[in-house]
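Chain A is fixed; fit chain B onto it per the hints.
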Amino acid sequence: MHFTARFGWPVAAHAARAILLFGLAAGPAAAQAPDPARVQRGEYVFRAAGCLGCHTDKDGTPLAGGREIKTPFGSFYGPNITSHPTFGIGRWTEAQFRRALREGVRPDGAHYFPAFPYTSFTGITDADIADLWAYMRTVPPAARPNKPHGLGFPFNIRLAMIGWKALFFTPGEFKPDPGKSAELNRGAYLVNALGHCGECHTPRNLAGGLDRSKWLAGGVLPDGTAPNLTPHPETGLGKWSPGDFIDLLKMGMTPDGDFVGGEMAEVVKETTGKLTEDDIKAVIAYLRSLPPVENRVRKPKS
Amino acid sequence: MTKGLRFGLATAAFAAVVGTALIAEAQSPQIAARQDGMKQQGAQMRVLTPMMRGEQPYNMAAAKQAAGVLVASAKNIPGAFGPGTEGGNALPAIWTSKADFDSKAKALEDAAMRLAAANDEAAFKAAFPAVGAACGGCHQPYRKPQS
Numbered sequence: 001m002h003f004t005a006r007f008g009w010p011v012a013a014h015a016a017r018a019i020l021l022f023g024l025a026a027g028p029a030a031a032q033a034p035d036p037a038r039v040q041r042g043e044y045v046f047r048a049a050g051c052l053g054c055h056t057d058k059d060g061t062p063l064a065g066g067r068e069i070k071t072p073f074g075s076f077y078g079p080n081i082t083s084h085p086t087f088g089i090g091r092w093t094e095a096q097f098r099r100a101l102r103e104g105v106r107p108d109g110a111h112y113f114p115a116f117p118y119t120s121f122t123g124i125t126d127a128d129i130a131d132l133w134a135y136m137r138t139v140p141p142a143a144r145p146n147k148p149h150g151l152g153f154p155f156n157i158r159l160a161m162i163g164w165k166a167l168f169f170t171p172g173e174f175k176p177d178p179g180k181s182a183e184l185n186r187g188a189y190l191v192n193a194l195g196h197c198g199e200c201h202t203p204r205n206l207a208g209g210l211d212r213s214k215w216l217a218g219g220v221l222p223d224g225t226a227p228n229l230t231p232h233p234e235t236g237l238g239k240w241s242p243g244d245f246i247d248l249l250k251m252g253m254t255p256d257g258d259f260v261g262g263e264m265a266e267v268v269k270e271t272t273g274k275l276t277e278d279d280i281k282a283v284i285a286y287l288r289s290l291p292p293v294e295n296r297v298r299k300p301k302s
Numbered sequence: 001m002t003k004g005l006r007f008g009l010a011t012a013a014f015a016a017v018v019g020t021a022l023i024a025e026a027q028s029p030q031i032a033a034r035q036d037g038m039k040q041q042g043a044q045m046r047v048l049t050p051m052m053r054g055e056q057p058y059n060m061a062a063a064k065q066a067a068g069v070l071v072a073s074a075k076n077i078p079g080a081f082g083p084g085t086e087g088g089n090a091l092p093a094i095w096t097s098k099a100d101f102d103s104k105a106k107a108l109e110d111a112a113m114r115l116a117a118a119n120d121e122a123a124f125k126a127a128f129p130a131v132g133a134a135c136g137g138c139h140q141p142y143r144k145p146q147s
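Sequence order for the protein chains is A and B.
Sequence positions in the first sequence follow our numbering and run 1 to 302.
Sequence positions in the second sequence follow our numbering and run 1 to 147.
Looking at chain B on its own, in the form it has when it is part of the complex:
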């Protein structure tokens, strides 16, 4: 075998292995689904924060709708990180501390429930920070740093 051919084969083999690994990551339906779920939650936060900041007038219906989506989504979190679905931006600690992880999802559910129950602007503003704290409180131990 010539040097050039050997190098070519090695490169091709390397590309195949790396490529397969990348595709496997991208195609894991559970990971893709939960990432979509997280993006959905982010979208609700983008509805809620302008009202919190006072950049948009408080709209009770919109706030309740967004908070309701968060409640439903939070309920899905424990199941979305089931056995054998390691990967994505999730840290392995989720699967070694699953009970704690699930309790943090419950904290989001409860905080979002209280936000959904707010019937005026003052109650909304009082309930909102706990939702943000629940998001951040779970991302700190269990989400990879952004890169």
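So that you can see chain A by itself, here it is in the shape it has in the complex:
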């Protein structure tokens, strides 16, 4: 406990300075060690939300950012979300973190581009955000500066996000449907809020908004396609057995014995393959309960 005593003052002084500088709400958060149970739950939320992929460069330091995310509007680069005070999010408060996920707003008030899937993360519950934040604070700091996004005019205008959000974004925590089972609600929460599956597996309109009339009916990506996940027998997963879903989610094998490559292989390794048995069952139950949408996903000829 010598350390705490010795460093108690500078930490407190630093926190006080941070409050003065950034006008943060005063709170004891910065001085407390996170509760291990919360950190453990937060790590599970972190896996289920698949944060690692976009925020880690190929073979890079975990969560230090740099991964290129290609979109029709240009390339985004996932930012550093380690606990580094300058390059990461080490100076953030839990309230700022919650606001980023729930509202898509940076601590300085600027709007995030929806390459950051707050359109899905807005549904993450306050409890899960609190646990996730406890985990994020344990991520070792990495001194890696963020790479500016490679966007052309007019897509580089952040202010335009106000209009985009008004059109395509409905903020709000996931509310379970009382008419559905706990399993189906859990599945919907895992797929739509944490897993943000719809960000790739739902078609987008020309402005990059999700076409909610074709929810999870497949999407076209710059480097491939994301299949139709609805139970449509010809164009979706209507012919898949529960075992087929389990093999895909746990090890990435499709019913023909093939194994997914690229981004989905990473999703399997880092996210779906790490879910509990109950959560996998909930995801499958939810996907099989979706209204079947006929949508054959094809990559447009370029």
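Calculated from the structure, these hints are not laboratory results.
Ideal Cβ placement from N, Cα and C applies to all residues, glycine included.
Sample of chain A residues facing chain B (criterion: CB under 7 Å; computed from the structure): (1) M251; (2) D258; (3) F259; (4) E266.
What follows is chain B alone, placed relative to chain A:
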């Protein structure tokens, strides 16, 4: 030259170039052969997974046979992606990280070998996940996303 003729010639030239490129892709014997090899491996997985899932009773002979095919096939992988055979669903990273790629093929060979050595259902079920992990572990960095 009339506008129509010029357009026609341009279209024909474009079609010829694209067509040749497509045929070249389809006719590369190495690419076709390794794609067949991968499909063969997929076929073995379709024999193995129903036993793993419990949808079919465990059959030691069938399991060993399929695992043996995977061992033999995995041995062929490094050579099937030799110099100058870029293309198909293979990502260029294979040829820039060939040693790592080959080590992943070896991981499949070893996992399949352990599966082939399983002499009862419990050992089979214990050894199987490593085979799936080897397939997925190589497809993640080196195979194009499906489209």
